[in-house]
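Chemist: Residue 1 is where the sequence shown starts when you use the UniProt record's numbering, and the numbers rise one by one after that.
Hints are not guaranteed to be accurate.
Here are the simulated BS3-like cross-link-like pairs (lysine-lysine), alpha carbons at most 30 angstroms apart as the crow flies [to be verified]:
id, residue 1, residue 2
1, Lys-63, Lys-93
2, Lys-117, Lys-72
3, Lys-4, Lys-63
4, Lys-55, Lys-4
5, Lys-102, Lys-4
6, Lys-117, Lys-130
7, Lys-93, Lys-55
8, Lys-8, Lys-63
9, Lys-130, Lys-72
Hints are computed from structural coordinates only; laboratory data are not their basis.
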Amino acid sequence: MALKRIQKELLDFNLEPPALCSAGPINGDLFNWQATITGPPNSAYQGGVIFLNIKFPNDYPFKPPQVRFTTKIYAPYVNSDLGTMCLDILTSKWSPALTISKVLISICSMLGEVNSKHAYYNTAREWTRKYAM
Numbered sequence: 001m002a003l004k005r006i007q008k009e010l011l012d013f014n015l016e017p018p019a020l021c022s023a024g025p026i027n028g029d030l031f032n033w034q035a036t037i038t039g040p041p042n043s044a045y046q047g048g049v050i051f052l053n054i055k056f057p058n059d060y061p062f063k064p065p066q067v068r069f070t071t072k073i074y075a076p077y078v079n080s081d082l083g084t085m086c087l088d089i090l091t092s093k094w095s096p097a098l099t100i101s102k103v104l105i106s107i108c109s110m111l112g113e114v115n116s117k118h119a120y121y122n123t124a125r126e127w128t129r130k131y132a133m
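Between the sequences and the hints, there should be enough to build the whole structure, so can you do that?
Modeler: In structure tokens:
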């Protein structure tokens, strides 16, 4: 079941990729993807390209994928050492109705919230210049 669902999501993703996002299998392994998010405009991440790793479990979509930043990023909801994030739809709020497109849109939205009014902005901007450009 997981393989068919992942294949369908990949097809759908390629037909209608979310804005600022790209994703696909690494070396043909449908259970292991690389994704990129282009830093949202007017955010601390603007101009950066942020890489993520997505690992799908064998019981996907009944269990969420593991998503981890591989680009070093400074954000209030990201463990900058491990690249893991606090995103409820990847834990307690996961639903089989969610897709990897929706997950990436949520992450992109969270990145867009770190703007010049945010306390983390200057450090996040500095890290973007250092690690994502």
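Chemist: Next, verify each hint and record whether it holds.
Modeler: Hints, verified against the model:
1. Between the alpha carbons of Lys-63 and Lys-93 the distance comes to roughly 11 angstroms, so the proposed pair stays at or under 30 angstroms and holds.
2. Distance restraint check for Lys-117 and Lys-72: the Cα-Cα separation of roughly 22 angstroms lies within the 30 angstroms cut-off, and the hinted pair is therefore satisfied.
3. A hinted pair counts as satisfied when its Cα atoms are at most 30 angstroms apart, and Lys-4 with Lys-63 qualifies at roughly 15 angstroms.
4. The suggested pairing of Lys-55 with Lys-4 holds, with an alpha-carbon distance near 15 angstroms, which does not exceed 30 angstroms.
5. For the proposed pair Lys-102 and Lys-4, the alpha carbon gap of about 18 angstroms is at most 30 angstroms, so the pair holds.
6. The hinted pair formed by Lys-117 and Lys-130 meets the criterion: a straight-line CA distance of about 21 angstroms does not exceed 30 angstroms.
7. Of the supplied pair hints, the one linking Lys-93 and Lys-55 holds, its CA atoms being roughly 18 angstroms apart against a limit of 30 angstroms.
8. Using a Cα cut-off of 30 angstroms, the hinted pair Lys-8 and Lys-63 holds, with the two alpha carbons roughly 17 angstroms apart.
9. Between Lys-130 and Lys-72 the CA atoms are separated by roughly 9 angstroms; this keeps the pair inside 30 angstroms, and the hint holds.
Figure legend: structure checked against the earlier numbered hints; every hint is met.
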